[in-house]
Amino acid sequence: MFIRKRKNPSGSISIQIIDKSNGKYKVVETIACVKDKKELEFYLAKAESRLKQLNPNLFDTVEFNEKKHRFIGIKNKEISVVGPDIIFGYIMEYIGCDKVLKKLKEKELFKQLVLSRIIDPGSKLNLIDYLYIYKHQNLDKNEIYRFLDTLSLNLKDKIEQCIFEYTSMVTGGIRVSFYDVTTLYFEASSEDDLRKVGFSKDGKFTKPQIILGLLTSLEGYPLGFEIHEGNCYEGKTFIPMLEKFQKKFNIEKPIVVADSGLLSKANILELEKLNYRYILGARIKSSSSEIKNKIVSLNLNDEKNIETIYFSKNQKMIVSYSQQRAKKIDIQEQKIMRN
Numbered sequence: 001m002f003i004r005k006r007k008n009p010s011g012s013i014s015i016q017i018i019d020k021s022n023g024k025y026k027v028v029e030t031i032a033c034v035k036d037k038k039e040l041e042f043y044l045a046k047a048e049s050r051l052k053q054l055n056p057n058l059f060d061t062v063e064f065n066e067k068k069h070r071f072i073g074i075k076n077k078e079i080s081v082v083g084p085d086i087i088f089g090y091i092m093e094y095i096g097c098d099k100v101l102k103k104l105k106e107k108e109l110f111k112q113l114v115l116s117r118i119i120d121p122g123s124k125l126n127l128i129d130y131l132y133i134y135k136h137q138n139l140d141k142n143e144i145y146r147f148l149d150t151l152s153l154n155l156k157d158k159i160e161q162c163i164f165e166y167t168s169m170v171t172g173g174i175r176v177s178f179y180d181v182t183t184l185y186f187e188a189s190s191e192d193d194l195r196k197v198g199f200s201k202d203g204k205f206t207k208p209q210i211i212l213g214l215l216t217s218l219e220g221y222p223l224g225f226e227i228h229e230g231n232c233y234e235g236k237t238f239i240p241m242l243e244k245f246q247k248k249f250n251i252e253k254p255i256v257v258a259d260s261g262l263l264s265k266a267n268i269l270e271l272e273k274l275n276y277r278y279i280l281g282a283r284i285k286s287s288s289s290e291i292k293n294k295i296v297s298l299n300l301n302d303e304k305n306i307e308t309i310y311f312s313k314n315q316k317m318i319v320s321y322s323q324q325r326a327k328k329i330d331i332q333e334q335k336i337m338r339n
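Numbering (the UniProt record's numbering), first residue to last: 1 to 339.
Simulated from the structure, these hints should not be mistaken for lab results.
Fair warning: there could be bad hints in the mix.
[Claimed, not checked] The calculated label-pair distances, taken between Cβ atoms and stated as ranges, are: (1) LYS292 to ASP193: 21 to 31 Å; (2) LYS292 to GLY235: 17 to 27 Å; (3) GLY235 to ASN154: 22 to 32 Å; (4) ILE91 to GLU226: 17 to 27 Å; (5) VAL82 to LYS105: 19 to 29 Å; (6) VAL28 to LEU184: 49 to 59 Å.
Note that beta-carbon positions come from the ideal geometry of N, C-alpha and C, so glycine has one too.
With the sequences and hints as input, model every part of the structure.
This is the structure:
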C-alpha cells in the first residue's frame with residue numbers, strides 16, 4: 001500500500017491510501033480533501049501514520065532497528081555472494097558430478113571454473129576479477145593454468161558418464177539426439193596443431209579457431225562434445241561423434257537430428273549404411289530442379305501447409321509452408337529490388 005495525492009477538477013487535492021494487487025489499484029481509505037498547503041502537510045503526516053497501522057509489521061520494531069544498525073556499518077568488502085554456489089553447486093552434486101570432482105586436489109577451483117561459465121561467462125582473467133569482487137578471493141592466473149595442466153584426460157569421459165546416467169534417468173532413455181557444431185575463435189596471430197584458420201561462424205576469418213561439436217538429448221540435455229581442428233569440414237565431425245557416443249554407452253542407435261549444413265550425400269549414405277534413422281534439415285534453393293518443381297506443384301498455403309515427397313522406401317522429404325516466413329522473404333526481396 002502507498003499514499004496517493006490526487007488533484008481534483010475543483011482544484012482540491014485528495015489524499016488517499018491505495019492498494020495495488022493483481023495489477024489493479026484500489027482505494028483503501030480517503031484521508032482528506034484539502035486546498036490549503038498547511039492542511040496538505042498535516043493530512044499527509046496523518047496518512048503516513050494511518051499507513052503504518054494498516055501495513056502489518058514484518059519484524060518486531062526493536063529487533064528490526066537493532067539489525068538495521070548492524071547493516072548500516074557493513075562495507076562492500078564484507079559482503080560475499082553465495083547464492084550461485086548454493087544453487088548451481090547443489091545441481092552439480094544432484095546430477096552426480098560431485099563424486100567425480102571429490103577426487104580432484106583443487107575441487108573448489110574446478111567448481112568455480114565451471115560455475116563462472118554459467119554466472120559470468122568470460123575468460124579465465126574474468127574469473128579472477130569475479131572471485132576478487134564478489135568472493136574476496138585472490139587468485140593468480142598461473143594457478144589456474146597449472147591446475148588445468150594437472151587434469152587427467154579421462155575427466156571428460158567421467159563427467160560425460162555422469163551426465164548420461166542422469167539424462168537417461170530423467171528422460172527414460174536416449175531415443176532422439178540433436179547434433180550441431182559451432183566455432184570458437186582465439187585472439188591470436190598464429191596457428192598450432194588444433195587452432196587453425198577456417199570457415200568462421202563468428203565472421204573472424206583471419207583468427208585461428210577450433211570446431212566444437214555438441215550432442216544433446218531431445219529435451220536439450222548435453223550428452224557429449226568433441227573438439228576438432230579449426231579448418232576441419234563440419235560434416236566430417238558428424239558420423240564419428242555418433243559412432244563414438246553409441247559405442248561408448250552401448251545404447252540402441254538414436255534417431256539423429258541435424259541441420260542442413262551437415263546434409264551431404266556422403267553423410268546420408270553413411271547414416272543409412274550404419275542403420276541410423278535421421279532427420280536432416282534441407283535447403284530448397286540447393287535442391288535439384290526436379291525436387292523444386294515437385295515442391296512448387298504442391299501448391300501449399302495456410303489451409304494446406306504440409307506435404308510429403310517420397311524419394312525411396314527409406315527416404316522422404318517433409319515440406320511445410322509458413323505465411324509468416326513467406327511475408328518475411330517477400331519484404332527482403334522488395335528491399336533488394338529497391339536498392
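Hint-by-hint comparison with the structure:
1. Checked against the hint of 21 to 31 Å, the C-beta distance between LYS292 and ASP193 comes to roughly 43 Å, which is inconsistent with it.
2. In this structure the supplied range 17 to 27 Å holds for LYS292 paired with GLY235, their Cβ-Cβ distance being about 23 Å.
3. Range check, GLY235 to ASN154: Cβ separation about 28 Å, and the 22 to 32 Å hint holds.
4. Distance hint check: the CB atoms of ILE91 and GLU226 are about 24 Å apart, consistent with the given range 17 to 27 Å.
5. Roughly 23 Å separates the CB atoms of VAL82 and LYS105, a value that falls within the hinted 19 to 29 Å.
6. Roughly 57 Å separates the CB atoms of VAL28 and LEU184, a value that falls within the hinted 49 to 59 Å.
The structure fails hint 1 only (numbered hints given earlier).
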